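> Now for the letters of each chain:
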Amino acid sequence: MTSIAVEHGERRNPLAAVWSFVKRHVLVAYSVLFFAYLLLPIAVVIVFSFNNPPGKFNYTWNSFTWDNWRYWNGVPGIQSAVVLSLEIALIASLIATALGTLIALALVRYSFRGRASTNILIFLPLSTPEIVLGASLLTLFLHTTAVTFGFETILIAHIMFCISFAVVTVKARLVGFDRHLEEAAMDLGANEWRTFQKVTLPLIAPAILAALLLCFAISIDDFVVTYFNSGSSVTFPLFVWGAARIGAPPQVNVIGTAIFVIALTAALVNILVQMRRSKDAA
Amino acid sequence: MNVFHRHQGATPYLLLLPGVLFLSVFFVVPLGFLAYQSLQSGNIDFGYAFTWQWSNYWDAIQNYRGEFIRSIEYAAIATFFALVASYPVAYWIAFRGGRWKNLLLLFIVAPFFVTYLIRTLAWETILSDHGFVVRTLQTLHLLGSNGRLLATGTAVVAGITYNFLPFMALPLYVSLEQIDARMIEAAEDLYASKWHAFWRVTFPLSLPGVVAGTLLTFIPAAGDFINAQLLGGPQNHMIGNVIQSKFLELTDYPAAAAMSFILMAGILVFVFLYARLVGTEQLTGTAA
Chain A
1 MTSIAVEHGE
11 RRNPLAAVWS
21 FVKRHVLVAY
31 SVLFFAYLLL
41 PIAVVIVFSF
51 NNPPGKFNYT
61 WNSFTWDNWR
71 YWNGVPGIQS
81 AVVLSLEIAL
91 IASLIATALG
101 TLIALALVRY
111 SFRGRASTNI
121 LIFLPLSTPE
131 IVLGASLLTL
141 FLHTTAVTFG
151 FETILIAHIM
161 FCISFAVVTV
171 KARLVGFDRH
181 LEEAAMDLGA
191 NEWRTFQKVT
201 LPLIAPAILA
211 ALLLCFAISI
221 DDFVVTYFNS
231 GSSVTFPLFV
241 WGAARIGAPP
251 QVNVIGTAIF
261 VIALTAALVN
271 ILVQMRRSKD
281 AA
Chain B
283 MNVFHRHQGA
293 TPYLLLLPGV
303 LFLSVFFVVP
313 LGFLAYQSLQ
323 SGNIDFGYAF
333 TWQWSNYWDA
343 IQNYRGEFIR
353 SIEYAAIATF
363 FALVASYPVA
373 YWIAFRGGRW
383 KNLLLLFIVA
393 PFFVTYLIRT
403 LAWETILSDH
413 GFVVRTLQTL
423 HLLGSNGRLL
433 ATGTAVVAGI
443 TYNFLPFMAL
453 PLYVSLEQID
463 ARMIEAAEDL
473 YASKWHAFWR
483 VTFPLSLPGV
493 VAGTLLTFIP
503 AAGDFINAQL
513 LGGPQNHMIG
523 NVIQSKFLEL
533 TDYPAAAAMS
543 FILMAGILVF
553 VFLYARLVGT
563 EQLTGTAA
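The listed protein sequences derive, respectively, from chains A and B.
The numbering used here applies: residue 1 is where the first sequence begins, and numbers increase by one.
The numbering used here applies: residue 283 is where the second sequence begins, and numbers increase by one.
Just chain A, same shape as in the assembly:
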């Protein structure tokens, strides 16, 4: 229908045809530009991971090389920083997701006194600027000798800011969950624990996995809170910060690209599975 209208318009008034073409495609054109803007810095990160920088600054393109990838750990300190980041992210996401899942279960399943204040306690860390989270934890750690700055303090900080994200993620899944399934299991003689194991857990497993991945991603990316509480330990973002002052080596781009590709692959697999599932359901 529209194509006929356009043909008519073209014969009568070319300007009107152009205008209607623009009007119909302006949103698409804008969106394409927007995505180009979003993806431009990512392209820069990837491209410059193959750069052979002329001096110590990796700002201008010089020539192509595989060396940065081959010797990704050729810069002193980068490997231990990556390892520390991975360790922290793994442990923090496991603990935060466990604690967060329990809180989410309590919040969705039960009505109890103190529910509203618990909700606020979960919401507050999400709405506090990171610098305040980092600074307040630092003042706590300065006033105690129970923990030493380094691995322990970074881990505590990461668990702290991950819990709320885990609660929100699991809660979203629990809210839209058919409770009759559990009631059926109990009617059939399963006790609470068995019902939880056999019915509830498998149903919320995808949300728990999503929370794990989210916490892992947030932890491995965190700079501000870590910067305040790291002591002399160096995570990967802290390494980048230190390196940026004297000119970040291209190996930083290599690790950045690797993290990007892994995260993107995980997300793509997730989307494809969802698309297939909704196709099967249809």
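Be careful, since some hints might not be right.
As the list claims (entries may be wrong) - One-sided excerpt, in silico: chain B residues whose CB lies under 7 Å from chain A:
#1 LEU388
#2 THR397
#3 ALA404
#4 TRP405
#5 ILE466
#6 PHE529
#7 PHE552
#8 PHE554
To be verified - Not close to chain B: a few residues of chain A, all C-beta gaps over 10 Å, as computed:
#9 ASN52
#10 LYS56
#11 ASP67
#12 LEU94
#13 ARG173
#14 LEU174
#15 ALA205
#16 SER232
Hints listed in this document are in silico derivations from the structure and should not be mistaken for laboratory results.
Nothing here was measured: the structure is a model prediction, and the numbers come from that model.
Even for Gly, the Cβ is constructed at its ideal location relative to N, Cα and C.
Chain B: place on chain A using the hints.
Chain B alone, transformed into the frame defined by chain A:
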């Protein structure tokens, strides 16, 4: 109607206990210590003493008024740009995305897959003095031949806008996606122009997303110091830069703690005014 009604009494508290305890000890208690520290006097060599030193607050406001105002200003401008820039795209994905919605959303969050510091460094590369952006602007005489983008407020605002854009776009998308397209059709059937239907129907229905996106962008933006540090010069420093250097370089803990509280108070005032403007229901809707 609870499944686990038999142990209703203790079960929820047992489930909550570990997580809530953790958050209390490492989130609530630290805020108390921060408050305590903010009223102390002294220095790192001779130790700090609690003296109800309210002057820390007045001094902070007096000495760093510029940085406080700049933080709010940069964060507000960046939030506005993020809203205007991402609304059309969120709209496009929500109403025209079809089966590609999830894939398009993946593009929106793609920047988050690159380490925050690294993507900000990428902007440093893009905006650098010999980069193509600066050269193009110079050729077009939009920038003087010695003009630069790095170390300007423009670069800092651009960096903040970019870095927090997904926080704006995602809630916008969620609220637009929930709109029943038939509502808009109805408005058009009733002879509203497309423009009119948008402002009277679509936009008001997307307000929860606008509110959530604004808060999610503004709050981290106001406390940010990375963009100002990497893309700006000393004249672009925000309050985050001052707090960071007072804590970690100058060890002037009481002043830094006082500033952290002023920042938080400033943000709370903003949230409050904003809530008055758009209605508290929208706000608590996002909080739930």
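> Each hint should be assessed against the structure and marked as holding or not.
Status of the hints after comparison with the structure:
1. With 7 Å as the threshold, the beta carbon of B:LEU388 comes within range of chain A, its nearest partner Cβ sitting at about 6 Å, so the hint holds.
2. Residue-level restraint check for B:THR397 holds (minimum Cβ-Cβ distance to chain A is 5 Å; threshold 7 Å).
3. With its C-beta approaching chain A no nearer than about 4 Å, B:ALA404 sits inside the 7 Å limit, and its interface hint holds.
4. Because the beta carbon of B:TRP405 sits about 6 Å from the nearest beta carbon in chain A, less than 7 Å, this interface hint is met.
5. A distance limit of 7 Å between C-beta atoms decides the matter here; for B:ILE466 the minimum to chain A is near 15 Å, and the interface restraint is violated.
6. The closest approach between the C-beta of B:PHE529 and any C-beta of chain A is roughly 6 Å, which is under the 7 Å cut-off, so the hint is satisfied.
7. Look at B:PHE552: its Cβ only gets to about 11 Å from chain A, farther than 7 Å, so that hint breaks.
8. Below 7 Å, beta-carbon pairs count as interface contacts, and B:PHE554 has none with chain A, the closest being about 12 Å; its hint is therefore violated.
9. The Cβ of A:ASN52 sits about 15 Å from the closest Cβ of chain B, beyond the 10 Å cut-off, so the non-interface label holds.
10. In this structure A:LYS56 is separated from chain B by more than 10 Å, as the shortest Cβ-Cβ distance comes to about 14 Å.
11. With a least CB separation of 19 Å from chain B, A:ASP67 remains clear of the 10 Å interface cut-off, as annotated.
12. With a least beta-carbon separation of about 13 Å from chain B, A:LEU94 lies farther than 10 Å from that chain, consistent with its non-interface assignment.
13. The claim that A:ARG173 lies off the interface holds: its Cβ sits roughly 15 Å from the closest Cβ of chain B, which is beyond the 10 Å cut-off.
14. Non-interface status of A:LEU174 relative to chain B is upheld: no Cβ of that chain comes within 10 Å, the nearest being about 12 Å off.
15. Distance check on A:ALA205: its Cβ is at least 18 Å (rounded) from any Cβ of chain B, clearing the 10 Å threshold; non-interface status holds.
16. Here A:SER232 stays apart from chain B, with its beta-carbon at least about 12 Å from theirs, past the 10 Å limit.
In summary, the structure is inconsistent with hints 5, 7, 8 from the numbered list given earlier, while agreeing with the others.
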